[in-house]
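When you get a sec, could you build the whole thing from the sequences and use the hints?
Residue numbers (numbering that gives the first Met the number 0), protein chains in the order written: chain A, 0 to 309; chain B, 0 to 309.
In short, the hints are calculated from the structure, not lab data.
Since we're looking at a predicted model, the values are computed, not measured.
Treat the hints with care, since some could be wrong.
In this list, chains with the same sequence are indistinguishable; a pair is considered to hold if it fits within one copy or across any two.
[What the hints assert, rightly or not] As a list, the in silico SDA-like pairs of lysine to any residue whose alpha-carbon atoms are at most 20 Å apart: (1) 204 x 88; (2) 198 x 299; (3) 204 x 173; (4) 204 x 90; (5) 259 x 291; (6) 259 x 173; (7) 204 x 156; (8) 40 x 275.
2 protein chains.
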Amino acid sequence: MRLVVAGTMALDTIETPFGRAEAIVGGAATYIALAALHYVKPVGIVSIVGTDFPSEMLQHLAERGADLQGVVRHLSRPSFFWAGRYHADMQTRDTLETRLNVLEEFPETIPPAYQQADFLLLGNLDPRLQRRIYAQIQPRPRVVLMDTMNFWIERRRPELEAMISQVDILSINDEEARQLAGDYSLRRCARSILARGPKYLLIKKGENGALLFSREGETYFFPAYPLEEVFDPTGAGDTFAGALMGYLAAQDTLNLEVLKEAVVQGIVLASFCVERFGVEALLTVSPEEIAERRRALIQMSHFIQVPALP
Amino acid sequence: MRLVVAGTMALDTIETPFGRAEAIVGGAATYIALAALHYVKPVGIVSIVGTDFPSEMLQHLAERGADLQGVVRHLSRPSFFWAGRYHADMQTRDTLETRLNVLEEFPETIPPAYQQADFLLLGNLDPRLQRRIYAQIQPRPRVVLMDTMNFWIERRRPELEAMISQVDILSINDEEARQLAGDYSLRRCARSILARGPKYLLIKKGENGALLFSREGETYFFPAYPLEEVFDPTGAGDTFAGALMGYLAAQDTLNLEVLKEAVVQGIVLASFCVERFGVEALLTVSPEEIAERRRALIQMSHFIQVPALP
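In structure tokens, the structure reads:
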């Protein structure tokens, strides 16, 4: 298996100043896989869905190249459910409701076909679960990327730190970086976090772009693509990570130059994601649209001596 | 006169999580002039100081190439005074006290030597005052840049809009842009504001960098230089504008390429400014330090095919 991704598959009810969508397909693994499948296949998914998860979305995933051997369908309980309301700034949100439902029975073993994965993306999950999935892939994947959230930083600090020490790339947002490092300066946070093991740290800043730090002390700054309209920010971080790892998995190598291009792909795909409710944009955006927006993003950020674009 | 700048010269008491500085020299015109003088001289200043403004700072300014004919010293009242406290994020702040003092008698006429200025920077002041200063320069300066703040957007909207319609470059922060345009999307805000007259709009976003929009629809994104420590953000926006206009005034032309480089200079000088209390860094930073940080900033933001640096 080229790339294995682990994370939730969920139903979300989302309220924004522009509208409301009820029980639409969401979850980290859904966004991650749909994003990664723009670049590479097959993508093996480790997740669990409930009785109410639409079969047609599983079919969409399979048609695009997802391997669903690692997706368990629970026979009697509903899917993980999240409801949230975005504020007018479209960056901050309140969680209105979380129902774990099937999440407590998230699979702890992965299919044999996944056990030699080259690339592993551990979406936001209990770090104990991330660890168990990670440990089942032998030999160790060439590249492991993980995400996490404030909840695990607060409740599972030792297990989380142990997992972070094992990965190549940690992808978190600015608040999480500050919480994890206990500092305000993102530059100092980066140094502290990279000292714990990862080769690279990606700090996501929503509409303010992303920072890439390497353990060797390099720093790169990536703007977000400035949109006329942000319609639904849900899944932007997962789409970013999924596109990034999908791109990496298609390149067969990890170095700084390849990673920088992967970050650009992640930013571009995330910018499409937030222009529609849920995963809709990930199902419809074309390679040409992605290439065109990538060109525009590079053009607007390479402000001195704009180089010829490849 | 090559460049004329108008704005307050003040005493500030600043509290940050790192310390407190009492009644130190501040004010928009002070930061603007000290920044611009790194690039061009003479810089004519239009401002007013009170009995308590340190003569040695005026002497510093004069030695660096400031023309002080337009600076009035009031014989009996103290200088404009501002006291503020920064929060732990070093981006948001509370104003603890504002004493206008001499500000009510800000000079309404400019010295004859300033009346043929090529470049005019209107710092944050009552737009009626900005307008009177602007009107005294004949023929119209080649480039006019203005700043403003939420207070004037709320209280002097018609006069402010009239002034905005006359300038070449408007330099404001993201909140001010949103307030001025009555919209959230910065891209839509930019279109709306540029339709009112300016050729270029600069939107400052603090530690998240700056966006440059042109009336022709171009967008450029500039990161802030990521600092280990922000010590005192006061004057960062004024330093940005001052360095930018100082650089432009030294180039003798305004086009998009020159302006992009000017923005980089503004970002770099502002990054030094916030590493020290008040104007201290502007008095001590060297051309070599500025050039080195400029190189680093370009390196970290030109993430694809890094071009040879000039």
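To see whether the hints hold, each was checked on the structure:
1. 204 x 88: both (14 Å within a copy, 15 Å between copies)
2. 198 x 299: Result: close only across copies, 17 Å inter versus 28 Å intra.
3. 204 x 173: both (6 Å within a copy, 15 Å between copies)
4. 204 x 90: both (10 Å within a copy, 15 Å between copies)
5. 259 x 291: within (17 Å within a copy, 23 Å between copies)
6. 259 x 173: For residue 259 and residue 173, the Cα distance is within 20 Å only inside one copy (19 Å; across copies 27 Å).
7. 204 x 156: neither (23 Å within a copy, 33 Å between copies)
8. 40 x 275: Classified as neither; 24 Å inside a copy, 52 Å across copies.
Hints 7, 8, counting from the list given before, are not met by this structure.
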